[in-house]
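Chemist: Single-letter residue listing:
Protein chains: 4
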Amino acid sequence: MSAIKAAIVGGTGYTGVELLRLLAGHPGVEVTAITSRAEAGTPVSELFPSLRGHYDLKFCAPDIEQLAACDVVFFATPHGVAQAQVPELISRGVRVIDLSADFRIKDIATWEQWYGQKHACPELAADAVYGLPEVNRAQIVDAQLLACPGCYPTAIQLGFIPLLEAGLISPENLIANAASGASGAGRQGKTELLFAENNDSFRAYAAGGHRHLPEIEQGLGGVHTGSGDVRLTFVPHLLPTVRGIHATLYGTLAQDTSVEALQALFEKRYRDEPFVDVMPAGSHPQTRSVRGTNMCRIAVLKPQDRNTVVVLSVIDNLAKGASAQAIQNLNIMFGLNENQGLESPALLP
Amino acid sequence: MSAIKAAIVGGTGYTGVELLRLLAGHPGVEVTAITSRAEAGTPVSELFPSLRGHYDLKFCAPDIEQLAACDVVFFATPHGVAQAQVPELISRGVRVIDLSADFRIKDIATWEQWYGQKHACPELAADAVYGLPEVNRAQIVDAQLLACPGCYPTAIQLGFIPLLEAGLISPENLIANAASGASGAGRQGKTELLFAENNDSFRAYAAGGHRHLPEIEQGLGGVHTGSGDVRLTFVPHLLPTVRGIHATLYGTLAQDTSVEALQALFEKRYRDEPFVDVMPAGSHPQTRSVRGTNMCRIAVLKPQDRNTVVVLSVIDNLAKGASAQAIQNLNIMFGLNENQGLESPALLP
Amino acid sequence: MSAIKAAIVGGTGYTGVELLRLLAGHPGVEVTAITSRAEAGTPVSELFPSLRGHYDLKFCAPDIEQLAACDVVFFATPHGVAQAQVPELISRGVRVIDLSADFRIKDIATWEQWYGQKHACPELAADAVYGLPEVNRAQIVDAQLLACPGCYPTAIQLGFIPLLEAGLISPENLIANAASGASGAGRQGKTELLFAENNDSFRAYAAGGHRHLPEIEQGLGGVHTGSGDVRLTFVPHLLPTVRGIHATLYGTLAQDTSVEALQALFEKRYRDEPFVDVMPAGSHPQTRSVRGTNMCRIAVLKPQDRNTVVVLSVIDNLAKGASAQAIQNLNIMFGLNENQGLESPALLP
Amino acid sequence: MSAIKAAIVGGTGYTGVELLRLLAGHPGVEVTAITSRAEAGTPVSELFPSLRGHYDLKFCAPDIEQLAACDVVFFATPHGVAQAQVPELISRGVRVIDLSADFRIKDIATWEQWYGQKHACPELAADAVYGLPEVNRAQIVDAQLLACPGCYPTAIQLGFIPLLEAGLISPENLIANAASGASGAGRQGKTELLFAENNDSFRAYAAGGHRHLPEIEQGLGGVHTGSGDVRLTFVPHLLPTVRGIHATLYGTLAQDTSVEALQALFEKRYRDEPFVDVMPAGSHPQTRSVRGTNMCRIAVLKPQDRNTVVVLSVIDNLAKGASAQAIQNLNIMFGLNENQGLESPALLP
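Chains as they are written, first to last, in the numbering used here: chain A, 243 to 591; chain B, 243 to 591; chain C, 243 to 591; chain D, 243 to 591.
The hints are simulated quantities; they were obtained by calculation from the structure and are not laboratory data. Fair warning: there could be bad hints in the mix.
Because identical chains cannot be distinguished in the list, a pair is counted as satisfied if it fits within a single copy or across any two copies.
Here are the simulated lysine to any residue pairs, SDA-like style, with alpha carbons at most 20 Å apart [as the list claims (entries may be wrong)]:
#1 432 - 526
#2 300 - 279
#3 432 - 255
#4 432 - 320
#5 432 - 371
#6 432 - 289
#7 432 - 288
#8 432 - 280
#9 247 - 297
#10 348 - 294
#11 360 - 499
#12 360 - 303
#13 300 - 521
#14 510 - 269
#15 300 - 522
#16 348 - 495
#17 360 - 464
#18 510 - 451
#19 360 - 335
#20 510 - 295
#21 360 - 285
#22 348 - 322
#23 510 - 467
#24 510 - 376
#25 247 - 576
#26 348 - 473
Here the structure is a predicted model, which means the values were calculated and not measured.
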């Protein structure tokens with residue numbers, strides 16, 4: 243089989259370089275173009291010396307003909323960009339994997355409220371497939387437009403899903419206390435993201451309301467089997483790390499359930515999932531244990547044997563939380579082995 | 243007034259060097275001895291070069307006569323040590339400030355269960371005063387034996403106290419998601435505390451049960467005015483920072499309360515407290531904003547205007563969480579200005 | 243004596259907040275104004291929460307009358323700003339302490355070459371006193387315009403001075419391999435200074451030529467007693483730390499000199515200096531041992547007893563490398579105790 | 243061809259887990275055993291959760307029969323261990339790749355002086371091949387006992403080799419100012435390696451004499467073509483990073499040579515080397531650009547066009563500085579493609 247031709251739109255950010263890093267080891271995909279207006283003409287290996295010897299590509303200005311000649315186009319752009327460019331690509335038969343937030347939310351009013359702008363193509367949003375393979379694998383196979391989940395939503399949903407599918411916890415007072423490495427905030431030069439502002443310090447941010455909240459509530463609402471609406475209190479924090487998301491999730495057990503039963507539930511739910519690892523009871527997964535990989539590691543606890551269940555869920559925000567999950571989706575969409583290009587163990591230490 | 247003579251037992255750890263650092267700038271206290279069996283004879287400035295030029299002291303083997311000649315003795319030792327040595331000091335009229343966990347818990351059975359050993363002097367534990375000035379200032383004045391609160395318990399109690407005193411939240415499903423810098427785990431060489439094990443990574447630990455849990459529940463139980471027992475789910479995490487505790491607290495409002503009313507409640511409760519700073523609504527306190535100081539900074543939020551209240555509380559684990567709070571207690575015990583030796587702003591950046 | 247009235251021009255950067263932090267504990271100085279066009283009207287404690295409770299000041303737009311009413315004005319501005327504003331202040335009798343590079347270099351052509359612009363007042367540059375107290379204390383006393391040394395130049399000069407004054411090393415092949423924390427690069431949002439770009443990584447920068455080179459060569463040339471010109475190879479590096487400069491200096495011994503003689507030379511040279519600490523032979527000073535202080539710690543070595551002498555010199559770039567040294571200079575200029583406001587030990591750990 | 247059977251002796255350290263990480267992606271090698279007395283019976287994935295799903299191996303006690311049944315045995319042990327066990331393996335025809343220092347130094351008296359113990363098999367040391375492929379590739383092919391270079395020696399030799407081979411610099415006053423991430427010091431719990439001791443700080447260590455010095459001088463002496471002995475001043479530093487070595491090398495040009503000629507020299511020398519990347523003139527290689535890879539990136543500079551040449555050389559201490567270079571050597575020894583298992587780009591950011 244000839245290689246799948248892929249392009250990356252907006253490749254100067256961290257999800258762009260992460261796509262390139264992972265695709266360098268993917269035998270079935272060839273990156274034919276990577277666009278950036280600001281860096282057009284610059285070799286990718288100049289901006290990212292880690293790629294010297296791996297790519298001869300230069301960033302190029304976006305060109306619809308070039309993109310339309312690909313089998314698949316990744317959007318690694320800020321929100322608002324993909325929705326303007328995707329319709330034409332879709333209409334010309336190109337499959338699109340969007341890593342931005344443009345097509346994650348089905349309710350357009352909600353999207354417009356949280357992202358503060360008019361949505362450019364609500365009709366496509368309705369057709370977009372939400373790319374969380376652990377829930378939507380069947381639909382992903384045929385997706386024309388794939389909306390890759392956000393980083394926090396991936397870690398948090400994978401931690402709550404077994405409990406909500408089984409109706410074991412009350413959906414109305416979920417708590418997700420999560421922390422992300424600084425790469426999650428992007429590669430833009432901003433004072434609050436400086437090394438000197440964040441090293442040896444820690445803080446919450448957007449505790450009053452983060453854009454990933456409606457995405458998570460939508461996803462959890464879709465799998466919840468019991469009565470009541472899903473309502474989540476979500477407080478993100480900024481870690482002095484480059485990568486990694488650690489979610490500490492709290493739910494109130496609707497009925498008495500032993501920790502052994504909880505463990506068994508999680509193990510069964512994810513038994514066939516190549517990228518969800520349910521660790522032994524009592525484990526404390528570290529973010530470094532998934533660094534650079536598509537893996538989500540999960541542990542479930544029931545402290546003091548009371549009625550609160552605690553789930554610890556870790557991913558790499560740039561990998562399972564973005565670019566590696568995008569490749570997992572590509573593998574599913576194109577009928578490849580699901581873990582192609584995603585087999586390397588995490589970099590530890 | 244002549245200076246208060248103070249000794250430090252077990253001074254080679256981080257709370258020891260922090261006491262020395264802070265007392266170097268305290269005009270009313272003179273450190274006359276600092277003990278360490280292992281380092282007896284070593285100048286403190288050799289172990290801690292930051293103190294070169296500030297102290298001529300050498301570590302010395304513990305000598306009861308030398309300690310008994312002091313006005314106050316700090317114990318900066320692992321648990322189990324103070325309870326063996328304190329009785330004689332107390333009987334000889336020396337006041338003791340214990341930074342360890344030996345006298346924090348009133349229920350001896352609970353102490354013995356969590357610390358895994360027999361308590362050596364339960365009768366003294368009953369008399370010990372729990373040194374959280376924001377709750378116990380009056381009793382601290384006359385304390386002979388002062389039990390300094392733990393680091394997590396300080397940050398967490400200060401965040402929950404106004405809500406529980408006012409009976410505004412249900413006491414039975416409190417959640418404290420907290421994170422500490424690595425200095426909180428001490429200066430012992432352990433693989434899991436190595437730089438190479440923790441940098442650029444993050445994890446929970448002791449999620450199944452941390453020794454600070456009973457201390458916090460005891461303290462919160464003491465201030466709670468409503469019905470029901472205090473039950474806390476407490477999940478600590480290890481930050482890749484040297485100092486700092488960040489507690490993210492969640493409570494369920496027992497009745498509808500506006501965020502403005504919550505803010506006013508906190509501001510009123512701590513209006514006269516020199517070391518609790520209620521930040522403006524919507525703030526996200528950073529651990530670095532209290533680095534090296536006795537300050538606790540707090541923000542209160544009510545995300546999405548739902549019925550969950552979120553409190554963010556930060557301290558420096560070695561300062562307000564240990565040695566600076568010990569000095570605050572000393573100032574109260576000896577009738578000094580409460581903020582003597584504790585006035586310097588935090589080191590930022 | 244009434245307090246010295248001081249203003250800070252350009253106070254939103256790291257040297258500005260460091261001046262405020264240190265002056266909060268200085269009994270003889272009152273900060274009456276701090277200027278920033280961009281942040282005019284913002285309370286300093288809003289931008290820097292570490293200062294909450296310490297200052298009621300707001301940033302204000304620069305106003306010459308307000309500045310002229312002060313005893314001393316600090317310039318904590320990028321180069322090019324002070325030279326435009328200082329002449330009028332000087333003419334009105336205000337003393338100026340400039341933390342920028344505007345008046346450090348005596349040779350105006352050299353300044354213009356390295357800083358890439360025309361100098362606005364060469365005549366003042368000639369009168370400016372270079373504020374390295376260990377060399378220029380006598381002149382500092384009467385300085386009207388004080389040029390505070392750069393951070394690298396402070397650490398590097400203090401390390402080489404004893405050797406060059408004594409004519410012990412060849413001046414023509416000096417090597418300064420130095421590393422700085424990220425705060426040295428300022429508080430501007432730039433991609434290359436992001437946390438995600440620098441954590442867990444290390445690199446040299448400006449190895450082809452750094453602006454501090456001519457300043458260092460000028461200073462060392464001034465103290466060198468032997469024949470030959472001072473020529474320095476200076477390679478700076480960017481550390482994944484917030485603060486700290488570590489200089490590793492290499493010189494070729496012009497004549498055989500024992501390590502004991504070298505140690506004695508350094509100890510004698512700095513015996514009366516309150517802020518230079520010559521550590522025991524064989525020491526390896528850590529940057530954290532001077533964190534937040536005006537101290538420079540130095541160790542001298544002679545590896546393998548060959549003819550290369552190695553000097554290790556550490557300072558805090560924002561303190562002895564900028565704001566604390568500025569206060570040391572103020573103390574000297576105004577006849578105060580030289581270490582007022584500068585007595586606190588370093589924050590360790 | 244059937245897979246090469248490999249065992250790892252002493253696999254609980256960082257070079258052990260790094261071998262496992264890299265070999266997980268090597269199609270030609272099967273790890274059949276990994277030994278550790280202390281952890282015998284523990285699954286490797288329990289100690290290193292990053293390997294969950296990649297290995298079913300448990301650590302086992304060393305068993306000579308099991309080791310003798312392998313094609314190759316890696317020693318990832320402290321010095322002194324391999325020399326006791328290697329002779330029997332060699333005599334039974336097993337090829338050995340030793341990552342420790344036991345067989346790097348040809349002069350046994352020098353080895354014994356620096357390592358402070360008697361060498362157990364000097365005769366084998368004479369036969370051992372020093373595994374720096376860029377110098378010794380031909381001998382490596384047939385090596386029975388391969389001594390893997392140290393981490394500092396790899397980075398420093400690769401930077402100096404072109405200059406010394408060409409006789410362009412004086413060999414007698416070489417300077418290597420180098421810095422290593424904390425993983426280079428191993429996984430033993432030691433106070434001085436704690437996170438709280440090293441984060442946000444930086445220091446030199448072993449400046450008076452580091453064990454890698456004689457190894458480097460031996461290697462450089464072997465390639466130097468001019469007159470005079472190689473004498474190096476080598477000052478190592480401890481970085482607050484997990485991985486990475488950055489060497490900043492200084493040499494005095496023996497004759498005037500343009501920076502263009504220097505650049506051309508390096509490019510020509512390493513043109514055919516798969517794992518040495520000569521970057522464009524003026525580059526500043528970052529340690530993260532080689533994180534997790536076998537690559538050495540080098541830049542050459544001639545500051546101020548004076549007679550000092552500066553070479554910047556970065557590697558990953560655990561990869562090209564240890565385990566990846568070991569695999570490169572294995573590939574050469576067993577006639578495999580030299581970059582098998584070593585193709586992945588660095589993890590950046």
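Chemist: Evaluate each hint against the coordinates.
Modeler: Verification of the supplied hints:
For the homomeric pair residue 432 and residue 526, the shortest alpha-carbon distance between copies (17 Å) is at most 20 Å, but the shortest distance inside one copy (33 Å) is not. Proximity of residue 300 to residue 279 under the C-alpha cut-off of 20 Å is restricted to the intra-copy arrangement: shortest distance 12 Å within a copy versus 41 Å between copies. Proximity of residue 432 and residue 255 under a CA criterion of 20 Å is satisfied in both settings, with 14 Å inside one chain copy and 14 Å between copies. For a Cα distance limit of 20 Å, the shortest separation of residue 432 from residue 320 qualifies both inside one copy, at 15 Å, and across copies, at 18 Å.
Proximity of residue 432 to residue 371 under the C-alpha cut-off of 20 Å is found in neither arrangement, the shortest distances being 33 Å within a copy and 36 Å between copies. For the identical chains of this complex, residue 432 and residue 289 are neighbours both inside a copy (19 Å) and across copies (15 Å), given an alpha-carbon limit of 20 Å. When the C-alpha separation of residue 432 and residue 288 is checked against a cutoff of 20 Å, the pair qualifies only between copies, where the shortest distance is 18 Å, while the shortest distance within a copy is 22 Å. Taking CA atoms no more than 20 Å apart as the test, residue 432 paired with residue 280 passes in both settings, with 18 Å inside one copy and 16 Å between copies.
Taking CA atoms no more than 20 Å apart as the test, residue 247 paired with residue 297 passes inside one copy only; the shortest distance there is 15 Å, against 33 Å between copies. In this assembly of identical chains, residue 348 and residue 294 lie within 20 Å of each other by CA distance neither inside one copy nor across copies; the values are 40 Å within and 36 Å between. Within a single copy, residue 360 and residue 499 get their C-alpha atoms no closer than 45 Å, and across copies no closer than 34 Å, so neither meets the 20 Å cut-off. When the C-alpha separation of residue 360 and residue 303 is checked against a cutoff of 20 Å, the pair qualifies neither within a copy, at 26 Å, nor between copies, at 39 Å.
Taking the shortest Cα distances, residue 300 and residue 521 sit within 20 Å of each other only across copies (17 Å), while inside one copy they are farther apart (42 Å). Taking CA atoms no more than 20 Å apart as the test, residue 510 paired with residue 269 passes in neither setting, with 32 Å inside one copy and 31 Å between copies. When the C-alpha separation of residue 300 and residue 522 is checked against a cutoff of 20 Å, the pair qualifies only between copies, where the shortest distance is 17 Å, while the shortest distance within a copy is 46 Å. In this assembly of identical chains, residue 348 and residue 495 lie within 20 Å of each other by CA distance neither inside one copy nor across copies; the values are 29 Å within and 31 Å between.
Taking the shortest alpha-carbon separations for residue 360 and residue 464, neither the intra-copy value of 25 Å nor the inter-copy value of 52 Å comes in at or below 20 Å. For the homomeric pair residue 510 and residue 451, neither the shortest alpha-carbon distance inside one copy (33 Å) nor that between copies (26 Å) is at most 20 Å. In this assembly of identical chains, residue 360 and residue 335 lie within 20 Å of each other by CA distance neither inside one copy nor across copies; the values are 25 Å within and 59 Å between. For a Cα distance limit of 20 Å, the shortest separation of residue 510 from residue 295 across copies, 16 Å, qualifies, whereas the shortest one inside one copy, 43 Å, does not.
For the identical chains of this complex, residue 360 and residue 285 are neighbours neither inside a copy (35 Å) nor across copies (36 Å), given an alpha-carbon limit of 20 Å. Within a single copy, residue 348 and residue 322 get their C-alpha atoms as close as 15 Å, which meets the 20 Å cut-off; across copies the closest is 53 Å, which misses it. In the homo-oligomer, the alpha carbons of residue 510 and residue 467 lie at most 20 Å apart inside one protomer (17 Å), although the nearest pairing across protomers, at 44 Å, exceeds that limit. When the C-alpha separation of residue 510 and residue 376 is checked against a cutoff of 20 Å, the pair qualifies only within one copy, where the shortest distance is 13 Å, while the shortest distance between copies is 49 Å.
Taking identical chains as interchangeable, the C-alpha atoms of residue 247 and residue 576 lie at most 20 Å apart only when both belong to the same chain, with a minimum of 11 Å there against 36 Å between chains. Taking the shortest alpha-carbon separations for residue 348 and residue 473, only the intra-copy value of 17 Å comes in at or below 20 Å, while the best inter-copy value is 39 Å.
Checked against the numbered hints given earlier, this structure breaks hints 5, 10, 11, 12, 14, 16, 17, 18, 19, 21; the rest are met.
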